[in-house]
Amino acid sequence: MRLINRHPGRVSATLLGLLPFLLIMLIYSLASQERLAENPNDKLLPGLEQMTAAVDRMAFQQDRRSGDYLMWKDTTASLERLGIGVAIAASLALVIGMLNGALPLVRANLAPLVSALSMVPPLAILPILFIVFGLGELSKVMLIVIGTAPIMMRDVAQRVRELPGEQLIKIQTLGANSWQVITRMVLPQVMPRLIDSVRLSLGPAWLFLIAAEAIASTEGLGYRIFLVRRYLAMDVILPYVIWITILAIVIDQCLRLANRRLFPWYNAGGH
Amino acid sequence: MSFITVSNLWKEYGDLVVLENLNLSVKQGEFCTLVGASGCGKSTFLKMLLGQETPSRGQLLLEGEAFPGEPDRNRGIVFQRYSVFPHLTVRQNVLMSLELEQKPWLGKLFGSARREALEKVDTMLASVGLEASATKWPHELSGGMQQRLAIAQSLIMRPRVLLLDEPFGALDPGIRKDMHDLLLKLWQETGTTIFMVTHDLQEGFYLGTRLLVFDKVRNDPHDPQAFGASITYDLPTGQSDRQLMAHINDSVSQTARHQAA
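Same order as they appear, the protein sequences are chains A and B.
Under full-length UniProt numbering, the very last position in the first sequence is 271; numbers go up by exactly one each time.
Under full-length UniProt numbering, the very last position in the second sequence is 261; numbers go up by exactly one each time.
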């Protein structure tokens, strides 16, 4: 049988999927053991013991200086910035994207600007944001907005333009005015596509969040990683990276489920 | 005065002549079927009736007035596909027509107005045979059911003209027959003027009161774009016989071969 026609069963697919994770863990723990055997104070590849101790210190014990549970404080600070930033970006993307997609006059006016903005490397204007908005929360949220909104705007506009032309004609023959075309045909059909777009933008959003926190912050997951880097504290950095990854997966899956629940017609192939 | 008047109508795209010198007069309540080879301007003519295209020369009048330049609620349309809204259930699809009309800003009805509208919707659904599928999504319906829905959605607006662009082209022959019966029934009930484009000459002969054959009279083998199509036969149905149908069929398929060459 040709390779392209051989499909794994349920169990073997799960096992095949798990295999790379297990391999990485195995290789890591072997390397870590070897280094620790040579030098028990090695910091580069901490073992499970050191890492759980670090997590216990960061997440379940009060910080001696501030009295906070640092990992939770970092998590809420980061998630708040990420949430506000992505929410603003998605709202902007929805409004501008829909107008760009549905109204040729607006498209002629705004689409070139949106395309140009989406080409600006967001990190290059981070200094400008710090100068204009100061080093507080606003500049970090703005970086996420500027980094993700233009691309989502283009995506939403494209999705609007992909709606079948027949539908657009049909709703006009039902007497709809432009406002009704946008609110009753375009908006409800573009919402699930916007959620898909947000899911794809979450990667860049995390990137910008951590970059902004690394440069100027007093708390946050990115801030902490870059802070403890000075002490080569891999036992903190590695759990933080894993924690960020878990958060990202959970958010992505929540959005996926929300999309399924809210728009049953979309995922059943009704588009 | 006739309901729809077409006089000396031309449609050209640059050098490409699609329709030349069309003359036609249609009374209210007629059921015209448009047949012909592909590329002979049937759909273009339908788009002009819809307001999606404008004539290059000549006149197209609805009760003596020029046709509006964009689609409006006087002219309903059913396409071959994609003419129902996937994000609304069957009932909501039909209800939306009424909501758009009554609520220019909100686009939604509530309370007793909604109940009244829903009664109308359910009557309409029953007359196209969709009452059992009222709560389904369009993607759960078969192709024939979707076309029933598209027809119901248009007809509830009581359009003065109903335009059908190969509405049954994608359906199985058995289902097509049911759809013909349904369409004739609805036409008799509503008295709407209908234009229907079809590839199927048999369907053109069977349905409707009038058959319009779009065909090219002249053909330049060196420049196939030079001449457009016009209406070569304009027959009241019932007069047609087998021989005539065979003749039209020959002529149409000859044009189709020229187009392909």
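Errors might be hidden in some of the hints.
Stated by the list, open to error - Some but not every residue of chain B turned toward chain A, in silico, with C-beta under 10 angstroms: (1) E20; (2) N23; (3) R75; (4) Q80; (5) Y82; (6) P86; (7) H87; (8) R91; (9) L100; (10) G143.
Simulated from the structure, these hints should not be mistaken for laboratory data.
Note that beta-carbon positions come from the ideal geometry of N, C-alpha and C, so glycine has one too.
Any hints this thing doesn't respect? Which numbers, in order?
1, 2, 8, 10
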